[in-house]
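Q: Generate the whole structure from the sequences, applying the supplied hints.
Here the protein sequences come in this chain order: V and U.
Counting with my numbering, you get residues 277 to 588 for the letters of the first sequence.
Counting with my numbering, you get residues 277 to 588 for the letters of the second sequence.
These are computed hints drawn from the structure, not numbers from a lab.
Ideal Cβ positions, reconstructed from N, Cα and C, are used throughout, including at glycine.
There's no promise every hint is true.
Sample of chain V residues at the chain U side, in silico, Cβ under 10 Å [what the hints assert, rightly or not]:
hint : residue
1    : 310
2    : 312
3    : 349
4    : 350
Protein chains: 2
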Amino acid sequence: MGDSGAGKTTITAGLEGILGEDQVTAFSTDDYHRYDREQRAEIGITPLHPDANYMDILSQHLTLLRQGEPILKPVYGHSGGTFGPPVYVGSKPFAIVEGLLGYHDEGMRDCYDLRVYLAPPEELRLKWKLQRDSSKRGYTEDEVQAELDKREPDSAQFIRPQERHADVVVSFKEGEGAEAHSLDAEMLLRDTVPQPDLSPLIGSGERGITIDEGDSERHVNIAGDIESEQASEIEEAIWEKLHFASHLRSERLGEVTIGDDVHRSESLAVVQLVILYHLVTAKAAVALGGSGHRAEDEGSAAVQEDAATVEQ
Amino acid sequence: MGDSGAGKTTITAGLEGILGEDQVTAFSTDDYHRYDREQRAEIGITPLHPDANYMDILSQHLTLLRQGEPILKPVYGHSGGTFGPPVYVGSKPFAIVEGLLGYHDEGMRDCYDLRVYLAPPEELRLKWKLQRDSSKRGYTEDEVQAELDKREPDSAQFIRPQERHADVVVSFKEGEGAEAHSLDAEMLLRDTVPQPDLSPLIGSGERGITIDEGDSERHVNIAGDIESEQASEIEEAIWEKLHFASHLRSERLGEVTIGDDVHRSESLAVVQLVILYHLVTAKAAVALGGSGHRAEDEGSAAVQEDAATVEQ
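A: The structure is reproduced here in structure tokens:
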């Protein structure tokens, strides 16, 4: 989850790519908008307001997917701002849901094995949103800025408060002279789910990966200009924890598309890999008879023990 | 349920009218078509085939409505043969579902308190379908006939076999020189649900209401040219069984629209009233703590006893 332009699609596209289309159901909660763009303008409501979305149906559909049931998912098209024919979404091993209000109420929140919130600094989010909305959605810069101003109260009231429900909060930040593919990444890992132990991966602390341990959370900082070699070592170490999912290994993580060019971002790759770690261990916990990642049951504990062994 | 042109909408419109929009959710299973008209033509499949419909989603939505949950219902438009934006359907006291394949599998069938199947003679159905499809859906007579020929195998394989799962089978028939509003009606009432005892209502047997009692079913015949006075007496007697729902009484039952004219059909009114009897007693059974009409539980038995008392 995260505000409009926070980088959700960039993160999830890489995860979808690595898991494979046949393994993952991916969609946006934007599909659950109650009104089309014209209706929203008439009513004077932003898409960030819960009343502008079928919140109970979103919750129902997340629950059905969690139970392994299919859904007939509505489809909202961003280019026209209207609804298309609904699509049948069958149950698959993984579901990745991105959007604005997916952690709004408890019923929804309980459906996720992992809750990730994207919280870039506002100036970076504006830049990303401008880039995307002017190129892919046909808006002018002034229109995007005006829309952001109109949305700010709802963003403050409904979107940003969801951060507190996240297990992982990700903030990309522009360092000095940083390119889009060399942004620093900060991950806040909370103890609300079993987090991977990254401490053996800490580098020199200069420009690499650093960890600040708190009581029930830790901050992991990955420098945007981390040496490719050091990033590879870190990624290798996380992949080793995922030995039981080694078939997923590929070089597709960390891709950032800017215009027509695809760049590799080491910090993005590490962030995606940490999320992938959670997806894969949660799935293994379910396969071992547990009810998921968040539940503290035997299945989950067994996987944790397994993961802990690998960490030695 | 019933084949295309069997008169489903004429029956349900009267029931919706009498129950009131705020009390009843009414929709067609046509909304659950998997393909639009163009796609069906490309694939070469008729809308009568289960594969041309989201059967599992229809079943899921019927179950959700039965549980009092809302659904986001797809919308198929017959004029254009395409899908519109889905609509939010909240839970209401009554749900009336009409369509082609609603009794196709057991999961669906269990969702209904009453299952009605419309089985007019094929020549009458053709006449009705021609009337409707040429006036409201813009087809020529040849097109309607060609479509019927193409659909016949699926109709025989998937639609007509559903008749056996109905609690009430309704057949309107054209008598000698009968007008559209003076058709004979035959109702087959099966003992699969507690049926109203209509025996005190039998008239002379000449041109009125007659009942043939079988072991686990009875045939009720209502003459299309039944005297208005006799029909009123019968309706009055059924309304008396529904004393606890007397607020529903109005003169809106039995309306048939032909072209721009609205006619009153006494036989249609009696058929609608028998269905209404089931809807209302099933609702009362649920209100008394039972699980519905079909379930043989205490709540249901209590209503039956109550109804029986009234019948004396």
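Q: Against each hint, give a clear statement of whether it holds in the structure.
A: Now for the hints, and whether the structure bears them out:
1. 310: Holds, because the Cβ-Cβ distance from residue 310 of chain V to chain U comes to roughly 7 Å (cut-off 10 Å).
2. 312: 7 Å, holds
3. 349: Where the cut-off is 10 Å and the nearest Cβ of chain U is about 9 Å from residue 349 of chain V, the hint holds.
4. 350: 5 Å, holds
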